[in-house]
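Construct the complete structure from the given sequences, taking the supplied hints into account.
Number of protein chains: 2
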Amino acid sequence: MRDRWTVGEVAATSGLTVRTLHHWDEIGILSPQNRGAGGRREYTESDLGRLYVVLTLRQLGLSLESIRACLDAGLDPRRVLTDQLDHLDHAIADLSRLRERVATIVEAGGELTGKVDPAGMLTLMRGARAGAGEVLDRHVSKDHRAQLASGAATVGPALAYVLEIEWPELYRRVEELRVAGARPDDPQVQKSVARMDQLSTWLNAGGEEAGAAVRSAWRDDPASMSGEPEQVAAPWRYLAQFVDEARALLRGEC
Amino acid sequence: MRDRWTVGEVAATSGLTVRTLHHWDEIGILSPQNRGAGGRREYTESDLGRLYVVLTLRQLGLSLESIRACLDAGLDPRRVLTDQLDHLDHAIADLSRLRERVATIVEAGGELTGKVDPAGMLTLMRGARAGAGEVLDRHVSKDHRAQLASGAATVGPALAYVLEIEWPELYRRVEELRVAGARPDDPQVQKSVARMDQLSTWLNAGGEEAGAAVRSAWRDDPASMSGEPEQVAAPWRYLAQFVDEARALLRGEC
DNA sequence: CATGCAACCTCACGTCGCGTGAGGTGCAAG
DNA sequence: CTTGCACCTCACGCGACGTGAGGTTGCATG
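Note that the protein sequences, when read in sequence, are chains A and B.
This note's numbering puts the first sequence at residues 1 to 254.
This note's numbering puts the second sequence at residues 255 to 508.
Simulated from the structure, these hints should not be mistaken for laboratory data.
Label pairs and their computed distance ranges (CB to CB):
#1 A:36 to B:451: 28 to 34 Å
#2 B:327 to A:232: 34 to 40 Å
#3 B:351 to A:180: 24 to 30 Å
#4 B:392 to A:72: 38 to 44 Å
#5 A:198 to B:484: 50 to 56 Å
#6 B:336 to A:176: 24 to 30 Å
#7 B:257 to A:83: 48 to 54 Å
#8 A:176 to B:354: 21 to 27 Å
Every residue, glycine too, gets a C-beta built ideally from N, C-alpha and C.
This is the structure we're talking about:
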């Protein structure tokens, strides 16, 4: 029909809102080539062509910034899409792990009363990892257990949190970095390992042996300790050495 | 040891940043009960107890607002967690569908050149749904095809987008609402169906029959038309009637 | 020609969970 | 007295818009 369209028309035919088109104009994703009387946006046919490319790419979950890069900076769409695929896989894996955690608690949570108390919640989460206690028994002597307990007293409610929740999370994060190709001196790795070190010296209240025992428990049976299924935790056997290297670097630099 | 802690100490032991603790204080998720000299935050043991509950719930992916509601408004944690589970399932399903779309294009995209052009992109996406053309052939006569094509000429590049991308998306969204228990007069349903109506009258450029034919193609073989696997699209046979009801309501109200 | 109204315009704040400064205060050690 | 550290309070930034607020333009009608 015509060769010029107003925002309203474009919005109506595309199903977007006028505000969205304004926004896309602001950030340069789709700026109509000229303005008419009174500063009104006038979209041409080539604008519409670009619009439908943007819509298509957006439907693949790309950020507006990525789309702009694709269209204007001439980024290779293959790279962008494979990156997006990686990103999606990571996001799905993260959400799935989260889902399993929540599901475990919901299923075990018949006894969950109407109120939230620290102990009850943590007990439920602990229930999800029944194997850890036994593994710990094999590796940690009674003396060390006593030391751990005394550490527990000083840190109060924190102990349960760090043992049950933060520690496995740290292991997982470092493993993820390792698989992604990070070296032991990567700043993120160093940060996580430093935190692990802090937690372990803190747990055994200064004694080195108890911490070493807990570490050896993790080294020998990461699956049970972390509560992850065997398949997920199996490659973690490479992780122990990696963490040791990182720790050596960390101490060397202090 | 002591019974009061500063922000810095709490941050160090919890692994959070000071800024995070400030933020949590601002929004009332964890406000230390009193301030010391110079307005300094003083965390007590009960604050720490609350802190570790917050950390635990946060680790389940709850928003700070939900956590606050759990702790202060006494929301039933079972409800919150089952809601969270639903939410996670939806999010995972969304991301998985997205992943499949992207993966299909990446796999088929060996020919994808260094540049992004509308046609090439859309061709690839169309490749993911090879079955649709044949189904359309069975339902749409040559005359209707000609009508559709003339409609295509007026709308230009929009046609490919709406046929290949927006239309299946609309079907999926309405189906999701239907399964979630929405009635045909639900505002969101009405909005989507209105859009579908607009698209179909627009596609056949005023003629009713062609649009009806496309609709009947969808009714008879939603799986092929949408590109979804048979299992996903199978229950959509209930959807056609649902959409018809919604359309009737929509027209009645105009 | 005046009026009404729809469509357009430009700010500008809110969302969520903080990161990252900027700029100021208080307190102990050198 | 200065240095330095830990603390404090603003306040902007992110992403992709929604949702007004308040002003201007264009077209149709009286």
